[in-house]
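In this text, residue positions in the sequence shown follow my numbering: the first is 1, and each later residue adds one.
Since the hints were made in silico from the structure, they are not lab data. Backbone N, C-alpha and C fix where the C-beta goes; we use that ideal spot for every residue, glycine too. Each hint should be verified, as a subset may be incorrect.
[To be verified] Here are the simulated distance ranges between beta carbons:
hint: 1; residue 1: 64; residue 2: 32; range: 17 to 23 Å
hint: 2; residue 1: 91; residue 2: 70; range: 32 to 38 Å
hint: 3; residue 1: 107; residue 2: 64; range: 16 to 22 Å
hint: 4; residue 1: 104; residue 2: 69; range: 18 to 24 Å
hint: 5; residue 1: 32; residue 2: 57; range: 21 to 27 Å
hint: 6; residue 1: 71; residue 2: 91; range: 23 to 29 Å
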Amino acid sequence: TAFSTWALASNGAPTAVTLVTITAGVHADHVVLRWSTGSELTNWGFHLYRALEPNSVPVRLNPSLIPSQGPGSSTGYTYTWEDRDALQPGATYTYWLEDVDFQQTVTRHAPIQVTIAAHTTMYLPFTAVDAPQTVHETP
Numbered sequence: 001t002a003f004s005t006w007a008l009a010s011n012g013a014p015t016a017v018t019l020v021t022i023t024a025g026v027h028a029d030h031v032v033l034r035w036s037t038g039s040e041l042t043n044w045g046f047h048l049y050r051a052l053e054p055n056s057v058p059v060r061l062n063p064s065l066i067p068s069q070g071p072g073s074s075t076g077y078t079y080t081w082e083d084r085d086a087l088q089p090g091a092t093y094t095y096w097l098e099d100v101d102f103q104q105t106v107t108r109h110a111p112i113q114v115t116i117a118a119h120t121t122m123y124l125p126f127t128a129v130d131a132p133q134t135v136h137e138t139p
């Protein structure tokens, strides 16, 4: 008996995406989200959402569907999205990834959180430095 490499959903149907990893990291003043798939059997693409509070209504980040790099493919792909909105220093954001399949069925994947470092201001004491003096000798 041959075994399929397809992942099965609770209803026994193949899932649109086998999600391998999703990561979020802060780079300067923005967040970079990366995700990798193992397969995209019936996947049209993805939506990304962000919320300041885990229980608040999330805001969709992408204006249109992020298209699958291989719709119907048993091969996986890697994606990157940069969230360059005005993020608040010291805040923790929650992100969700959704995949959309050929029948427009949406699957939301577990959230990932990232904290933006708070800006710090450092004041250093002012120290005057004497300028070098030129000495002129008279003969």
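CB-CB spacing for residue 32 and residue 64 relative to the 17 to 23 Å hint: Between residue 64 and residue 32, where Cβ atoms are some 20 Å apart, the hint holds.
Taking the Cβ atom of residue 71 and the Cβ atom of residue 91, is their distance within the range 23 to 29 Å? Given range 23 to 29 Å: violated, Cβ gap about 35 Å.
Taking 18 to 24 Å as the hint, is the beta-carbon distance of residue 104 and residue 69 inside that range? The hinted range 18 to 24 Å holds for residue 104 and residue 69, with Cβ atoms some 19 Å apart.
Assuming the hint says 16 to 22 Å, is it satisfied by the Cβ distance from residue 107 to residue 64 or not? 18 Å, holds
Lying within 32 to 38 Å: is that true of the beta-carbon distance residue 91 to residue 70? Holds - the Cβ-Cβ distance for residue 91 and residue 70, about 35 Å, lies within 32 to 38 Å.
Per the hint of 21 to 27 Å, is the separation of the Cβ atoms of residue 32 and residue 57 within bounds? 24 Å, holds
Violated hint for the displayed structure: number 6, the only one.
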